[in-house]
Amino acid sequence: MPLQSLDITRRSATTTASPHQRQTAEVAKLIDVSKCIGCKACQVACMEWNDVRDEIGSNAGVLDNPPDLSGASWTVMRYSEVEPEPGKLEWLIRKDGCMHCTDPGCLKACPAPGAIIQYSNGIVDFHEENCIGCGYCITGCPFNIPRISKKDGKVYKCTLCSDRIAVGLEPACIKACPTGSLVFGTKEDMKQHAADRIVDLNRRGYPNAGLYDPPGVGGTHVMYVLQHADRPNLYHGLPKDPAISPMVALWKGVTKPLMSLGIGLAVLAGFFHYVKAGPNEVEEEETEK
Amino acid sequence: MASLAPTFGRGAMTNHWVDIKNANVIVVMGGNAAEAHPCGFKWVTEAKAHNQAKFIVIDPRFTRSAALADIYVPIRTGTDIAFLGGVINYLLSHDKIQHEYVKAYTNAALIVNEGYKFEDGLFSGYDAPTHKYDRSSWVYEMGTDGYAKIDETFQHPRCVLNLLKQHYARYTPEVVANITGTPKEQFLQVCEILATTAVPTLTTTFMYALGWTQHSVGSQMIRAAAMVQLLLGNVGMPGGGINALRGHSNIQGLTDLGLLSNLLPGYLTLAADKETDYQAYLDKRTSKPLRPNQFNYWSNYPKFHVSLMKAWWGDKATKENNWCYDYLPKMDMGYDILRHFELMNQGKMNGYFCQGFNPLASIPNKQKLIAGLSKLKFLVVIDPLATDTSCFWENHGEYNDVDSAKIMTEVIRLPSSCFAEENGSLTNSGRWLQWHWKGQEPPGEAMDDAAIIANIFLRLRELYRKEGGAFPDPILNLTWPYKIPDAPSAEELAMEYNGKALADLTDPKDPTKVILKAGQQVDGYGQLKDDGTTASGCWLFSGSFTEKGNMMARRDNSDPSGLGNTLNWAFAWPANRRILYNRASADPTGKPWDPNRRLVWWDGTKWTGVDVPDFKADSAPSEGMSPFIMQAEGLGRLFALDNMAEGPFPEHYEPFETPIGTNPLHPKVVSNPAARVFKGDFEQFGKTDKFPYAGTTYRLTEHFHYWTKHARLAAITQPEQFVEIGEELAKEKGIKAGDMVKVSSNRGQIKAKAVVTKRIKPLQVDGKTIHHVGVPIHWGFKGIAKPGYLANTLTPVVGDANSQTPEFKSFLVNVEKV
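Protein chains in written order, with my numbering: chain A, 27 to 315; chain B, 25 to 842.
If you're looking for bench data, these hints aren't it; they were derived computationally from the structure. From a predicted model like this one, the values you see are computed outputs, not experimental measurements. Fair warning: there could be bad hints in the mix.
Stated by the list, open to error - Derived contacts from chain B toward chain A, CB cut-off under 8 Å, selection only:
#1 62
#2 90
#3 91
#4 95
#5 299
#6 736
#7 743
#8 761
#9 779
#10 780
#11 781
#12 782
#13 783
#14 809
#15 810
Even glycine gets a Cβ: it sits at the ideal position worked out from N, Cα and C.
Isolated chain A, as found in the complex (with noise of 0.2 Å):
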């Protein structure tokens, strides 16, 4: 199965064609909830993949740590506590993180070219080397993933391991998952996959469990299973129907040009402040202790 080709779809700010010699198949990760125990292997095999360390922090009141998504923290679970009917407690646990939009409202977003990518497999990827730390894709994200490091101001997010699906490994996470809450194959194994838990979840008294591949996004390459598909927001704020912002459509159409010209405006004021007055200097980062 050629899970692995690394051909580009779709790149950011970017008109040139793209290649569609080779045919992929579309991959997706499938996120079991009912499943989940919280654990966060998922999240420590990240980092070490990653080889990304978030900061040792603090407790604040609650399970959830790191408390949010870093440019560290590619991944994080999240916790939820709720009674979707009065008297019965659930505690909700999400992996939360990139989704793998088929249609990225980063990548839409990012003036960047070839900032963001898209392969033909499916996978959403940040080249960080061509960020320019704007922020814009985080203002595209319908699901709130992307964030600013603060160790080098670029935006960081899940690749879905895109370097070990090359060398057709499957995702960090997916691997460390010890319950099999995690699964990864094709979008197509892994939506029968999903079929078959909602059968068993259905049985169980969840009649309305089913599975979160939202259509506003074009579907998404990373997708749960859901005890309660029909109320997404009881995880942790899961939207129900996620969609690109219409700020970013607007973007793309009547104000892109302009803000192009803006930036370009920009840029040729900055150089020549740059001949006038030299480069900034910038203290180097406190170092980790």
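Starting from the known structure of chain A, arrange chain B on it as the hints suggest.
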């Protein structure tokens, strides 16, 4: 372990991890497998996904396990016997037991001695001043034929089944709800589901861990569940059993190798002070059959003991000197860990070796521990990490406020390798000995533990050789056959445990046929002898490293039956059996109870199947041999005879620090009457006037005990100490999530962040509202996680009456906003 051996014969998980997938009902009680055993927990999700298993969690807190449960039932900490006693009462009074199994495979029909009584919370034979029972009446009534009497019609008033009914008739659903705080409807719902597995083709499995062992009645909690399983006919069955999930990757191996002060390897036992006569020592441990035609496996005790002595003292161990019996220490009392610190405090223990162990964090009442360690002359710590114990003398402000200048203890740290830096085997909960290989060299001067101990031993031996001493013989004569004397290899040690022939061994049926030549590894413990012609360092591990090689290193996961019995993956003791007591998975005629889960069966000439039969292979069903072959009567014990300290039936006793101050069943006997409490510790128990809430300690999945506060990734995922309290209590006390709170007991106090949660609800108990306060344990003053308090600053010094496992799960605290 102190409960399963008396009930079934062996102190270990009856089934194994993979087998959980075969269960129809899974009960997690006295444990939190998703949190503490996330990898093994995959078999729960597997049973749910592919065996349509129902999953029940019974716990004071709505845990990570409960997050995936079909049914979560709250219970007050320390009241599991009340709950399970209620289940026994339900099963008996609703006639939901597997009759044929109970009759044939348990001691239900055996008749108990007429001196046995239970009145007002006490069993017969209690001696109040010593807090001990004379257990002589807790036995069967013996017939003139020398066997226990039996009444298979169950008419006799003192047959075990009738005594059982009588004992638990008091545990009505109302009484259960009143003591446990579990709403009656939810209790009954659990009973109904369990009852569905009384049929031969459905099974329940119980999974437990420290949530049962760490109580002053911990062993009896486990026994109560074991009795439920016997009544349901679920022991020996695939997808059944009582599954002890061990709290450490090799803690099963630790007990197997006898690293408890009263044990020798393979659950052989040390002699007491008065047992100076070798033959009497053996006779006492070589059990006599209590029913006719039984296997009575402990009749082989002398073979295992003599082989052990030959492994240790080689040619010096002879029949004439009773195989060096006099070399073995004789116990004047139990030297459990609570006793160690008591003796240190009394100034009677002056030196301490601490290997792979962080007692300052792991034993109750930190204040007492610091005082004890401070009185030592020397402390040797063998560990890969700078543990809290090894730095007990350092002042770390509020987290360890000691006066270093006043502590004279000399502390010697010997850095050891980590598990990934050495070869060896780990024995998991399911009794699998799995070999592992060194991944990299240990850093710096660190050495593996065997090399450290060998170096100490060789120096000591040299001193004894030069200077003599009172009795140097055991040290001077110890066999030390390792190629590199100061660095025995894991393989050499493993081969020594397996055992070998010291002379040519012949076939007992044909003495002309040599089955093993002198020097060859034995195939299994069946070949061990009591005449000095075999040696084995741990009979239970025989078969793990044979002439065919290292069986523990096998990695063939083929599973022809689909039941997960991968006989060629590693090695499981005993004899590579995967499910203990598996003879009981077949009916008395030798046919599997469940045609879809065929484990072992009688094929007309022998026992065979997809597991190694836990039985005498050629004993036809007609011979009437019973399946629990380690027991003298061959039966699963609903009545434990004289093997338990506080009684043959589990009885509900309150924690020593009880939040209700009484025992509704018998107010005069509140807590375990046979528990040992040292003078001074009793005075340190708290009462509800100052400490009104039920405290309980536990582990988090992000951390492993006190190691991973030294590991960056683990510290990132759970950086700072916290306690968990319910929303109702938080409101009452004006505490918001994230506030710093002080949790105090009569022994000390800690400060931590408050996690306020819906997952801990107040319970109605005996007319009172009881709040729980959850105290995760993983923080301390060493490591790279945020510094915190050792949680055992709070916990009381009292242990289970059989195992002396401390009561970490139930104590009294107060909580206040700082």
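Okay, the hints, checked on the actual structure:
{"no.": "1", "hint": "62", "result": "holds, 4 Å"}
{"no.": "2", "hint": "90", "result": "holds, 7 Å"}
{"no.": "3", "hint": "91", "result": "holds, 4 Å"}
{"no.": "4", "hint": "95", "result": "violated, 10 Å"}
{"no.": "5", "hint": "299", "result": "violated, 47 Å"}
{"no.": "6", "hint": "736", "result": "holds, 6 Å"}
{"no.": "7", "hint": "743", "result": "holds, 5 Å"}
{"no.": "8", "hint": "761", "result": "holds, 3 Å"}
{"no.": "9", "hint": "779", "result": "holds, 6 Å"}
{"no.": "10", "hint": "780", "result": "holds, 6 Å"}
{"no.": "11", "hint": "781", "result": "holds, 6 Å"}
{"no.": "12", "hint": "782", "result": "holds, 4 Å"}
{"no.": "13", "hint": "783", "result": "holds, 6 Å"}
{"no.": "14", "hint": "809", "result": "holds, 6 Å"}
{"no.": "15", "hint": "810", "result": "holds, 7 Å"}
Comparing the model with each earlier hint shows violations of hints 4 and 5; every other hint is respected.
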